[in-house]
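Full structure from sequences and hints, please.
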Amino acid sequence: MTFRDLIATATGNLWRMKLRSVLTFSGIVIAIAAFVAMLSFGAGMQRNIAEQFEKLGLLSVIQVYPKNTQETDSSTVAELNNAALEYIEKIPGVELVYPFESLDLGIKLGDSEKTVSAQALPSKAVETKLFSNLVAGELFSADSSREILISEDILEKLGIKSADSILNKPVIISIKLAKIDSGVVSMLRPLSDIIQTRRREMQSDTIRFVEYAQNAIREELGGALNRFIDGFMKNRETKAETLLVCGVFNSRRNGRLRLKDLILPVETAREFSSSGFTGDPTEILAGLQAGNLFVANTDSPIKDYSQATVMMEPNALYEPIRDSIEAAGFRTFSFAEQFKEIRQFFRYFNLALGLIGIIALMTASLGIINTMIMSITERRREIGIWMSLGADMNDIRRLFLVESGLIGLIGAIGGVIFGYLISRVGSLVAKTFMENEGVPPMEIFHIPIWLVLTALLFGVLVSLLAGYYPANRAAKIDPVVSLRNE
Amino acid sequence: MNKPWLYTDNVCRFYQRKTAVVKAVDSVSLSIECGDFISLIGSSGSGKSTMLNLLAGLDRPTSGDIFFEDKSFSNMDRQQLSSYRANKVGMVFQAFNLVPHLTALMNVELALYFNGTPKSKRQFLSEQMLSQLGIADRSDHRPADLSGGEQQRVAIARALVKSPDILFADEPTGNLDEKNTNDIMALLSELNKQGLTIIMVTHDLTLANNVSNKIMQMHYGQIVDQERKPNDLS
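Protein chains in written order, with the numbering used here: chain A, 761 to 1246; chain B, 180 to 413.
Think of the hints as simulated: they come from the structure by calculation, not from any bench. Any given hint could be a false lead.
[Claimed, not checked] Chain A side only, calculated, beta carbon under 8 Å to chain B, not exhaustive:
1) 761
2) 1145
3) 1149
4) 1153
5) 1240
[What the hints assert, rightly or not] DSSO-like, lysine-lysine: derived pairs with alpha carbons at most 27 Å apart:
6) 267/B x 1236/A
7) 1236/A x 202/B
8) 1236/A x 197/B
9) 1236/A x 250/B
10) 936/A x 994/A
Just so it is clear, CB atoms sit at the ideal spot from N, CA and C, and this is done for glycine as well.
Rendered as structure tokens:
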């Protein structure tokens, strides 16, 4: 008996018992639909995260941080300075390294003025996928170009509604810098008045006392230092430049990668920062430690950074790069590592969801066993007739396996369609909910082809397993007994 | 021509019924020649149908052996025995044993599923067979819509469509009226004259005498008279 004959006969038998077949299919349909809907949720979430990572190019990014003293066994802590960045850049597979350099700047557009946090980035860094979807405009072309990128948030704060309207418009960028001159002026300006006051207060005999003299000098020097610091910190000079807005970006989309509201080309940013101290306490401390507080803030090789970003070459493996960086004494954070953990989580998550689906499928398979056994009981005579006509045990076994397999296949196809419908309804409800909550709507269900194929395979496989016992039972029917009984 | 074609050697078929052993067929040795029309007669429970099932390869003997064209049944596996049934044997039953949900034509076609007849030929051969048996106009009818005689003709068509070497008929007229009985027996007789070997189980001696060239009488599982010649055999 050919397979085609088996299919035709099995289809005819299932068609003849429509109600029973439909009820049995229904069990499989519901189980497969549950399987598909649940796994499509897991697949959808996984896809969203993967797309986000991919879109932003995060999988090729490693963040590098200096270790703190608690994290290292050695007495010296590796410093994340330009020398370290040069070392990292030479590691095979590293395409680009840039430090996280931030500074507070004023931005003035027309009558609106705001103080914003800005970041200096090399043009190569902004050419990465991080900025692949600018809201408007384009990237700056060179590290020294007189252009800036600004975030949508700043536009809102400046009261600008259309991102396009600000493109190629000049904005005044300013920075307040502390200078040694203002500190000295502040220290010396009140000096003559102070000397006269002190003279009046002092009595000739008291000055002879050494302790009194020491206290007086200490007090005066302390006052002078306070006045210097007041002048150094408060009377800062403003340095302003006019730059053009070349592009607008959406900073919220960049996830954990820190992006400030204003991005300047790295050379242009140095024009601002190299003229003095901005007043950042960490910068002053670093300056004191380095011994260059009172010299211009040039591109000193001993400047330490709190963070650096490493962009890997396409297809470069992150593990060796990460290991090399960590071997140099730094702490790393890799999005690829994080993504690996996320994928691992989703593997278990999908497994748990799939297990629930399989339990439902096992329950439905009991329906198949029941249907097939009932069918065999009713068709004992027919089986006897088949055998008298020359069918062997394998023909009978195959017929019943094909029937149960068909139940599984049709049920699985129905289940995939039903599961798809459930995912569509679920998606619609979720999107409506997200919109109401002000969250950008996203597709939380995804039915990849592997899920469809797995569902079909599971449906057929479980049905075949369920049909195996009844099929064997049918094959063992004694034709003499079945024909005689009738 | 008249060499032993199908024969048995001390064939036994015993059944265990609780503690008792039922000897349905007990040490039967018989020989059948090509072209014979043999009637197996005997009272109910004498082992006729069991003997028929053994010869048709539908059942296996407890001991002894059956030979067809010098091939031993005991050396055949299940598939070979199925192939023997599919290619060499046609069977007709008292209860017709048609598949109730198939039409007459489909019932006849069913016999060609197991002997490798291509699908394209099945319908043609089945229609031709139904036509030869005079029931072509009933080919689209289901068994429930046919009379007893018509059902048995469909069953005979099903048995003959694969051009078997032997036709086994188990009380083929047991459920038929006199007219249909005569028609069916005339048909079987005609088929035998055309060269078909027929082994028929019946308890009607007159019927057996009318059509058979050899009658074997069974009693308690044994052949008690094997060579009785029918009176009116021409």
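Hint-by-hint comparison with the structure:
Using the Cβ-Cβ criterion of 8 Å, the hint placing residue 761/A at the interface with chain B is satisfied: the shortest such distance is roughly 5 Å. Using the Cβ-Cβ criterion of 8 Å, the hint placing residue 1145/A at the interface with chain B is satisfied: the shortest such distance is roughly 5 Å. For residue 1149/A, the suggested interface contact is upheld, since its CB lies about 5 Å from the closest CB of chain B, less than 8 Å. Annotation: residue 1153/A was flagged as interfacial toward chain B, and the flag holds, the nearest CB pair being 6 Å apart, inside 8 Å.
Among the interface hints, the one on residue 1240/A holds; its C-beta lies about 5 Å from the nearest C-beta in chain B, closer than the 8 Å criterion. For the proposed pair residue 267/B and residue 1236/A, the alpha carbon gap of about 23 Å is at most 27 Å, so the pair holds. Proposed proximity of residue 1236/A and residue 202/B is supported: the alpha carbons are some 23 Å apart, at most 27 Å. Only pairs whose Cα atoms come within 27 Å are accepted, and residue 1236/A paired with residue 197/B is accepted, the gap being roughly 21 Å.
This hinted pair checks out: residue 1236/A and residue 250/B have alpha carbons roughly 25 Å apart, not beyond 27 Å. For the suggested pair residue 936/A and residue 994/A, the alpha carbons sit about 9 Å apart, so the restraint of at most 27 Å is met.
In this structure, none of the earlier numbered hints is contradicted; all agree with it.
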